[in-house]
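Take these sequences, add in the hints, and give me the full structure.
Protein chains in written order, with numbering that gives the first Met the number 0: chain X, 0 to 274; chain F, 0 to 364.
Treat the hints as calculated values from the structure; they're not laboratory data.
Over the 12 Å line for every Cβ pair with chain X, so calculated as not near, a few chain F residues:
1) Pro74
2) Ala75
3) Leu124
4) Met296
5) Gln341
6) Gly345
Label-pair restraints from in silico Cβ distances:
7) X:Glu37 to F:Ala34: 34 to 42 Å
8) X:Asp225 to F:Pro263: 34 to 42 Å
9) X:Ser106 to F:Pro29: 32 to 40 Å
10) F:Gln274 to X:Gly87: 33 to 41 Å
11) X:Ala30 to F:Ala34: 36 to 44 Å
12) X:Ala30 to F:Arg94: 57 to 65 Å
13) X:Asp49 to F:Ala75: 46 to 54 Å
14) F:Ser202 to X:Ala138: 27 to 35 Å
15) F:Arg219 to X:Ala255: 17 to 25 Å
16) X:Ala136 to F:Pro328: 38 to 46 Å
17) X:Glu239 to F:Phe171: 58 to 66 Å
Every residue, glycine too, gets a C-beta built ideally from N, C-alpha and C.
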Amino acid sequence: MFDISVRFAVALAAGIAVIAGASGCGAPSGAPQTLQFELAANGTDAAHCDDDGRRVQSLRFYLHRIELLSGDATVPFVMDALLPWQDGSVALISLPACDEAQAANVSITGKAPPGDYQGLRFIVGVPFSANHLNPAAAAAPLNVGSMFWTWQLGYKFLRLDTAAGAGSGAAWSFHLGSEGCESASAVRPPKDPCKWSNRPVVSLSGSDPLNTPVHVDLAALMALVDASGAARSCMGSFHEGALCPAVLATIGLDAATGECAAQCAGQQLFRLGAL
Amino acid sequence: MRAWLFGGALLTLLSGCEQAEPTPWQWSLPPSIPAPMVPDDNALTVEKVALGKALFFDARLSANQTQSCATCHQPARAFSDGRATAIGSTGEVHRRNSLALVNIAYNATLTWAHPGLTTIERQILIPLFGEEPLEMGVAGHEEEVLARFRQDAKYDSLFARAWPGTKQPASFDPIVKALASYVRTLVSFDSPFDRYAFLGDDSALTDAQVRGLNLFLSERLECHHCHGGFNFSQSTTHANTLIVEMPFHNTGLFNLDGRGAVPPVDTGLMEHTRQAADRGKYRAPTLRNIALTAPYMHDGSIASLGAVVDFYAAGGRASAVTGDGRTSPIKNPFIKGFTLTQEERGDLLAFLAGLTDHDFVKSAP
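Right under this line is the structure:
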């Protein structure tokens, strides 16, 4: 059920072949490029820090295996190793929110060969190979205390914390990560992949990702939360109840399997280009 | 080139007995634990630590010579004092509980609630010179206190080794730097938990302690949201930290008016930020050696670790005096209460006892 590492290897090999073909030698080529992320505003204060809406206190997520889409071809976006936010393999995006004590990072820098790109693909989360190592020994961006659980469960792939606004119910959080990870205790890593991987593979199209920001739009997710009365945060046991499976569906995941439903095509959190 | 080198060596030989270079401090840490940050202007040396240790236990550092740092920071109690709230050198009863000095080199911020206080060197000025509350009471007695150390041959030697080549008599800059150096070295990573987690010794924790560990790190209890990471506090930095986090939390101890009010004697983080939403917010201290540091909370108002677990299980405190802290609108949302069986409660307490590092509390004289 868990083939991300295999797909990664295949994609990496394909990507290396593409790069090698483009540059005529084995080294990565292409100009420095930046991917931008923005909280979609929908015409209002995006995080609702100063209005009556549900306030976004914190919104952070890890990304890896980023690819640019050009027609049917995929070209790896070769991430720079630019600490503290990206180590060359995994990047952490931290969007500005109401908790001003949290540092922000809204972009990922890397290199890509020139091309006519009309889309972007990435995986939300930390790859299994890095997800269950001793977090005390980890380097940035994998040493942010609020983003990991334990050796056993690994990292919070996405962390959204909201506070009640004047006109909305209780605080509500969404902490996405792998579940069903079996090991002797919380501080022992699992040998085998977890039962629920919970890593959405997000494919976006319609604009040039190198010149258009990725909008992170909480509207669909927040509508679900507010409609539910926010009885329970979604920080685990995602397949239980009604709200959390619906929340996972807004990022394309089937809560029952922890894998993409229909290639995660139903995700509504990320959008490339126009609102 | 060779002649120059020879000359340098000769000079060193000639002066070596008088001015040995200070010895850089070598951390003794488990393999995966990163070293703490040390300020550039106070390099850590064996000699500064030795001086700082002597000063830490010397009551002559308080104006009336009744208290040393160790009066409120006793090694056997993991450098806390066992009182609900501290008592200063003139007998003044303070409003806050003496914090244990455990791994404070890793604290993102110092004291219970001060977002701007990020170095031990600056923090030490508070107990030395602070007048409200009055701790060591040095303010106004500076020369008198310094004279005690300037007339002491033992300290002449300790100062000279820590700062070789300087002829300055004892003054507060080196005193503070030496004290900071000593307390910076109070690191504790040799508990049964450490041997289990970081050295992979499956026998270091009992089965009950492992069950308690799993409860502690569960989403059901949510303890790790504030007490997470290798130092059991999210307010942790180290030499490899590039993204610093300085969290503070309201845990639901008070709700005097139903809208989150806390006693005016101590409004926590709000004293610095002036934001009403920061009322009653404090830094989560490390849980290492927590079994040795009763009573608990910023005001020492919870007597035992079992009572602390019950407090978090209830999701806050409700009483005629405190109001219903469980429903405080500014309480941290992760403190939402949980239910434990008696066995689970025992497991959790057994795990917390597994965070005691017995060699650490024996390390001082």
